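Residues in the sequence shown are numbered consecutively from 1, following UniProt numbering.
Accuracy of the hints is not assured; some may be wrong.
[Said to hold, decoys possible] Here are the computed lysine-lysine pairs in the BS3-like style, where the Cα-Cα straight-line distance is at most 25 Å:
| # | residue 1 | residue 2 |
| --- | --- | --- |
| 1 | LYS210 | LYS161 |
| 2 | LYS123 | LYS77 |
| 3 | LYS161 | LYS77 |
| 4 | LYS70 | LYS136 |
| 5 | LYS77 | LYS30 |
| 6 | LYS136 | LYS5 |
| 7 | LYS119 | LYS55 |
| 8 | LYS55 | LYS70 |
| 9 | LYS57 | LYS2 |
| 10 | LYS40 | LYS57 |
| 11 | LYS210 | LYS40 |
| 12 | LYS161 | LYS40 |
| 13 | LYS183 | LYS136 |
| 14 | LYS77 | LYS210 |
| 15 | LYS2 | LYS70 |
| 16 | LYS57 | LYS161 |
| 17 | LYS210 | LYS70 |
Since the hints were derived computationally from the structure, they do not count as laboratory data.
Model, not experiment: these values are computed from the prediction.
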Amino acid sequence: MKVGKAPGPDGIPMEAWRSLGELGLQWLTKFFNNITRSAKIPEAWKDSIIVPIFKRKGDVMDCANYRGIKLIAHTMKIYEGLLDMRLRDMVEIASDQFGFVPERSTIDAIFIARQVMEKYREKNKPCHIAFLDLEKAYDRLPRAVIWDLMRERGIPEYMVKTVQVMYEGTTARVRTSLGTTSKFDITVGVHQGSALSPFLFIMTLDTVVKHLLEGPPSTLLYAAPC
């Protein structure tokens, strides 16, 4: 994880762990192993601070014209990164998903789409393409669906529980020019700015598409940060 980023509610920046060197690595290893065994996380990990950033277009009084940057604990991000690596080794994402997958990008999807269009044009046949933009997809993803699909994809129950506990009792506060608001519950969606959220999103989308489609691949999927 990069340094120089604003810390979460616990106030511990990434630089603190890097400065501890080998000692910090040993402590984090024991700490993360205990979390995995007990399926319990620090209460500070459940809180987050949302910083609204104006999109520089539209009415400044309209909340829809702001993008929320979510500040979460850096220590949790380290743990999420480890979980992300293990989960990606367990779940194979379909070849038609180009977002948040190593060695794939939107350029590959565009190339394939253009090749298909050219083939249909050469044969003088109609080619129909549907573009679907899932607005605020991260914020609206049902968590119960994520846990069910993780089990369906063969992820061990202890890992499902580990991820699940990271979303139980989550809260957020909004930082404004007049101060920080009171906490409110977050009961749906995945964390913005999380190291694990991209995988959870594409795993869910990939599994849903598998249920919808049969036969050869006919979709090109690309997930961009919300």
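### Query
Is LYS136 within 25 Å of LYS5, Cα to Cα?
Holds. LYS136 to LYS5 sits at ~24 Å (cutoff 25 Å).
### Query
Within 25 Å, alpha carbon to alpha carbon, are LYS70 and LYS136?
Given pair LYS70, LYS136 holds - Cα atoms ~14 Å apart, limit 25 Å.
### Given pair status - LYS57, LYS40, alpha carbons within 25 Å
The hint is violated at about 42 Å.
### Query
Given the proposed pairing of LYS210 with LYS70, does the C-alpha separation stay at or below 25 Å?
Distance of about 31 Å is beyond 25 Å: violated.
### Given pair status - LYS70, LYS2, alpha carbons within 25 Å
16 Å, holds
### Query
Does LYS55 pair with LYS70 here, judged by a C-alpha cut-off of 25 Å?
15 Å, holds
### Query
Taking only the CA atoms, is the gap from LYS77 to LYS30 under or equal to 25 Å?
Answer holds: LYS77 to LYS30 is near 16 Å, not above 25 Å.
### Query
Are LYS161 and LYS40 close enough, with their CA atoms no more than 25 Å apart?
Distance of about 9 Å is within 25 Å: holds.
### Query
Within a Cα-Cα threshold of 25 Å, do LYS57 and LYS2 meet the stated pairing?
Answer violated: LYS57 to LYS2 is near 29 Å, above 25 Å.
### Query
Holds or violated: are the alpha carbons of LYS119 and LYS55 at most 25 Å from each other?
Violated, at roughly 39 Å.
### Task
Take the C-alpha atoms of LYS123 and LYS77, compute the straight-line distance between them, and say whether it is at most 25 Å.
Violated. LYS123 to LYS77 sits at ~51 Å, over the 25 Å cutoff.
### Message
Hinted pair, alpha-carbon criterion (25 Å max): LYS161, LYS77. Please report holds or violated.
### Response
17 Å, holds
The structure does not agree with the numbered hints 2, 7, 9, 10, 11, 14, 16, 17 stated previously, though it agrees with the rest.
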